[in-house]
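**Q** Given next are the chains, with one letter for each unit.
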Amino acid sequence: MTAPLKTIEELRVDIATDPASIVELTSQVLSDLDSLGRQLNAVVHIAKNDAIARAEGLRDTAIRDEADRSSTLFGIPVAHKELYMRVGWPCEGGSKTLAGHHAPRTAFAVDRLDRQGTVDCGRLTSVELALGTTGHNAYAGTPTNPWNPQYICGGSSSGSGAVVAAGIVPVSLGSDTGGSVRLPAAACGLVGIKPTHGLVGRSGVIALSPTLDTVGPLTRSVRDGAIVLQAIAAVDDEDSSSVPFDLPDLLHNLEDGIAGLRIGWPSNHFFENTEGSVADGIDEVFRLMGRLGAECVDVEVPGIEIANAMTMLIIAVEGATLHERTILENHSAFGEQTLARLLVGFFIPARDYYNALANRASVAKRVLAETFERVDTVITPVWPYPLPTIEESDVGANPEAAKMLLRSGHNTRPVNYLGFPAVNLPTGFDANGLPTSVQLIGAPYTEAKLLRIARALERELNFWSTRPRLSVLAK
Amino acid sequence: MVDETDNEHEALLISKFAAVGIASETLADAADVAKRLCTQSGPGDGGTLDPRHYIDHQHLFLKLARKTSI
Numbered sequence: 001m002t003a004p005l006k007t008i009e010e011l012r013v014d015i016a017t018d019p020a021s022i023v024e025l026t027s028q029v030l031s032d033l034d035s036l037g038r039q040l041n042a043v044v045h046i047a048k049n050d051a052i053a054r055a056e057g058l059r060d061t062a063i064r065d066e067a068d069r070s071s072t073l074f075g076i077p078v079a080h081k082e083l084y085m086r087v088g089w090p091c092e093g094g095s096k097t098l099a100g101h102h103a104p105r106t107a108f109a110v111d112r113l114d115r116q117g118t119v120d121c122g123r124l125t126s127v128e129l130a131l132g133t134t135g136h137n138a139y140a141g142t143p144t145n146p147w148n149p150q151y152i153c154g155g156s157s158s159g160s161g162a163v164v165a166a167g168i169v170p171v172s173l174g175s176d177t178g179g180s181v182r183l184p185a186a187a188c189g190l191v192g193i194k195p196t197h198g199l200v201g202r203s204g205v206i207a208l209s210p211t212l213d214t215v216g217p218l219t220r221s222v223r224d225g226a227i228v229l230q231a232i233a234a235v236d237d238e239d240s241s242s243v244p245f246d247l248p249d250l251l252h253n254l255e256d257g258i259a260g261l262r263i264g265w266p267s268n269h270f271f272e273n274t275e276g277s278v279a280d281g282i283d284e285v286f287r288l289m290g291r292l293g294a295e296c297v298d299v300e301v302p303g304i305e306i307a308n309a310m311t312m313l314i315i316a317v318e319g320a321t322l323h324e325r326t327i328l329e330n331h332s333a334f335g336e337q338t339l340a341r342l343l344v345g346f347f348i349p350a351r352d353y354y355n356a357l358a359n360r361a362s363v364a365k366r367v368l369a370e371t372f373e374r375v376d377t378v379i380t381p382v383w384p385y386p387l388p389t390i391e392e393s394d395v396g397a398n399p400e401a402a403k404m405l406l407r408s409g410h411n412t413r414p415v416n417y418l419g420f421p422a423v424n425l426p427t428g429f430d431a432n433g434l435p436t437s438v439q440l441i442g443a444p445y446t447e448a449k450l451l452r453i454a455r456a457l458e459r460e461l462n463f464w465s466t467r468p469r470l471s472v473l474a475k
Numbered sequence: 001m002v003d004e005t006d007n008e009h010e011a012l013l014i015s016k017f018a019a020v021g022i023a024s025e026t027l028a029d030a031a032d033v034a035k036r037l038c039t040q041s042g043p044g045d046g047g048t049l050d051p052r053h054y055i056d057h058q059h060l061f062l063k064l065a066r067k068t069s070i
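Listed in order, the protein sequences are those of chains A and B. Each residue of the first sequence is one higher than the last, beginning at 1 in the working numbering. Each residue of the second sequence is one higher than the last, beginning at 1 in the working numbering.
These are computed hints drawn from the structure, not numbers from a lab. Beta carbons are placed, not taken as given, at the ideal position from N, Cα and C, and that holds for glycine. Among the hints, a few may not be true.
[Said to hold, decoys possible] Covered by chain A, per the in silico footprint, the following chain B stretches (three or more residues, Cβ under 8 Å):
(1) 5-11
(2) 17-25
(3) 28-42
(4) 56-67
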């Protein structure tokens, strides 16, 4: 018996009608994590006792009418990427180098969800230390795609993608340094939100690159994504990148459609080296947006070409610095690919790292002035090619895969360099029956507008109406 | 841009990590990838001698947040 693929708002109705259902729902999720979640290689920790105790506590306060049940998230079960700390829980970041480690604190974003009444049920597989795009992890396990187990889930929030797509929980928090929310969201048919840099606090999440790291939700619907982003967006006093911003009510204008909004088709960078079938799919969505009343134009995104290399350079240097001591003391505990990627950072001269940081603001200003003065969003692919299988994309077993994987973040990494927000939206299926998607990039703090655009498309495309094709649920 | 100082630094790094048992081929590959990334990222146009640029990104976002809130 698997979970019912309900949205947060649908589950909320069930809970409001019968508060005792919080415990039943939590038990169901725990059972599904243990069976289907483990079958997908997507689960690293199931917090059975903590979750049941939490659910019973919420149920009891709700029945006594002592609970603040105003939050849409009250009683909603969640499970997050294993980079997210909860005090006392295992926290290995997908790495043998952290084997046996337990979290000394609870992550800011997890605490924000706690305050809204969610029930945290466990932790989900990550690529080792979030350093990879496919989901391969020899230590923690390589999650399989719920739509077809031969295919990757994408990474690095790979377990989050698998578990939400399989319908076990409606939301999972992931982290995104170069695409690690958007790539698994695209691979698994989910809405993935990479917020504006600084909008959501990151303290208590294992860092990869503090300059570029962001945290955001993976959900099956735009409305769910909006609800969760609303709950976690807040100033984090322990995160120096945190920016005070009064986020508007994200549900308020969500159903307003896109008539009159300006959609940009990027004339440079994003469609270079993109396979024809992927570009054709984006073009279909672009034309649909025109039919829905948007103004569709070509637009240049100046300076974006160097942003890709700048992002990889910053991640390499900061990742190497964060893990230098462990590399020197225990390098054999790292996965081969992880170690190879981290080592790159030591060989980058300080002047090049400084250059990458120093140019960030000027590139962002140019894109704001020359692109986002003209359009409300830029539409791009996420993956530049149809999703590969686990075998095809295994660099360890297939060295030829390295070039393909280098391209995997071509469309996502530059957004982290800019610090701008982006949303992945599932749009349909490719020839192999795997999800296709679009990325919507916006100017800083325009999440409400991006989600409104995504919602207008979601209503038309109705991606999750095809859920019987989900292979794990067809069994 | 690779000069003599870079080459000496690279040799020191390879020696440092080889001493803990990391294969020299792995280290040489990492050095090659680093050089490629530096070449691809280029000099940029940010005026790196201007100290404002280092903090400018955070400052830009603080300004945008205030502007967008209003």
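**Q** Counting residues of the stretch 17-25 of chain B with a beta carbon closer than 8 Å to any beta carbon of chain A, are there 3 or more?
**A** Holds: 4 residues of the stretch 17-25 of chain B have a Cβ under 8 Å from chain A.
**Q** So is the stretch 56-67 of chain B in contact with chain A by the C-beta rule, three or more residues under 8 Å, or is the coverage claim wrong?
**A** Three-residue rule met by the stretch 56-67 of chain B, so holds; n is 9.
**Q** Mind taking a look at whether chain A covers the stretch 28-42 of chain B? Criterion is 3 or more residues with CB to CB distance under 8 Å.
**A** holds (count 11)
**Q** Quick check: do three or more residues in the stretch 5-11 of chain B have a beta carbon closer than 8 Å to a beta carbon of chain A?
**A** holds (count 3)
Consistency with the previously given hints is maintained throughout, with no hint failing.
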